[in-house]
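Q: So you can see what is in the structure, the chains are spelled out below.
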Amino acid sequence: AQSVSQHNHHVILSEAASLELGCNYSYGGTVNLFWYVQYPGQHLQLLLKYFSGDPLVKGIKGFEAEFIKSKFSFNLRKPSVQWSDTAEYFCSEVTGGGNKLTFGTGTQLKVEL
Amino acid sequence: NAGVTQTPKFQVLKTGQSMTLQCAQDMNHEYMSWYRQDPGMGLRLIHYSVGAGITDQGEVPNGYNVSRSTTEDFPLRLLSAAPSQTSVYFCASSELDPTYNEQFFGPGTRLTVL
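The listed protein sequences derive, respectively, from chains A and B.
Under the working numbering, residues 1 to 113 are what the first sequence spells out, in order.
Under the working numbering, residues 114 to 227 are what the second sequence spells out, in order.
Excised from the complex, chain B in its bound form (with noise of 0.2 Å):
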């Protein structure tokens, strides 16, 4: 089992440039969700999935777009990049409801917008 997956692992790009971000998990997980950690914010949703087909926005979705076609994949996509979307991206998969069962979560994306 390689558990949750992200690439790439660094990025930096050109404010306007645009971008994905993939996330891939083997675990045949329902829910999938994407952060951004910044420091002193810790962790904030920016959108999350419970199904192939099925997305919903978090806390910070402006900016970014999503889709999930299959249960294995949710990439992120960043449209036009801004130097407020530096960050340090992670994935993360769960069974079904989050409520209950805990988040495994990937090595990270750290992004860089000049």
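The following block holds chain A by itself, in its conformation from the complex (with noise of 0.2 Å):
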């Protein structure tokens, strides 16, 4: 069955550290793949999306992602993490023909002061 992991539950990080947050994929054809956030008591919202090309995607609020085929992977980056990106971040991809959204489990992030 196709699949997204994501191996970190939870991450604590200080101010301007720098954020890789991991997600590996198991579809094996055509890869559409998304990360969403969801700020404490607000709905979710794309952060960025990979569809085709480059391999290294920007999206909002300084982050991205690097798509790396041989190893199923679309990692988030971030430089430097601020207080307000704590959050909790999913992995997507679609799956079953493309009408579907699977997601990974989540990451919760806590940017400490």
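Note that these hints are calculated values from the structure, not bench results.
Small disclaimer: the values here were computed from a predicted structure and weren't measured.
From the three backbone atoms N, C-alpha and C, an ideal C-beta is built for every residue, glycine too.
Check the hints yourself; a few may be wrong.
As the list claims (entries may be wrong) - In silico contact screen, one side only, chain A against chain B (beta carbon under 10 Å); selected entries: (1) 4; (2) 6; (3) 30; (4) 45; (5) 106.
Using the hints, build the complex out of the two chains.
A: Below is the structure:
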């Protein structure tokens, strides 16, 4: 079965530290990958997406992700986190012939001042 | 644009009761879906629809029914609530084909079944 794995469930960083959240997908066909973020008390919103082309994708708020096909990975990165980045981050991929979005279990990020 | 709206925001049910979670969008999106969010399990797809009159099952459809009579509305029905359905429910919509398009999520409904 197709699945998305996020191995870091809880991450705590200090402000200005660098961030990398892991995401591995399993679907072997055409990949369509997303990172969504859920800030405390808010609904999910899109950070970035990858369909094809340049494997380094830039999103909002200084986030980026790199698609590495050989590793089935799509890790999220940010060079310097801020307290306002405290949120839950979800990696997802399209499966089921294009009509279903499968989410990982999420990574809870806490940024301390 | 209100985006995606959901009602109610909170609900407490007793086992065996029925209820409908409402979802509406004003972006003329063809694709709509329902997810449940549980701690440590991320979001799991319950049902989805690619247009009025067309619905299909997701990953965890048991215990839930949906219908899509209009483009705007996509209600989720619990016919006989069970404690295992205690969760936060999110509705989402996008342009047809979620392969390439951003999902717009509603604010969620927090449901507790006693």
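Q: The structure should be examined with respect to each hint, and the outcome stated for every one.
A: Quick rundown of the hints versus the structure:
no.	hint	result
1	4	holds (8 Å)
2	6	holds (8 Å)
3	30	holds (8 Å)
4	45	holds (7 Å)
5	106	holds (5 Å)
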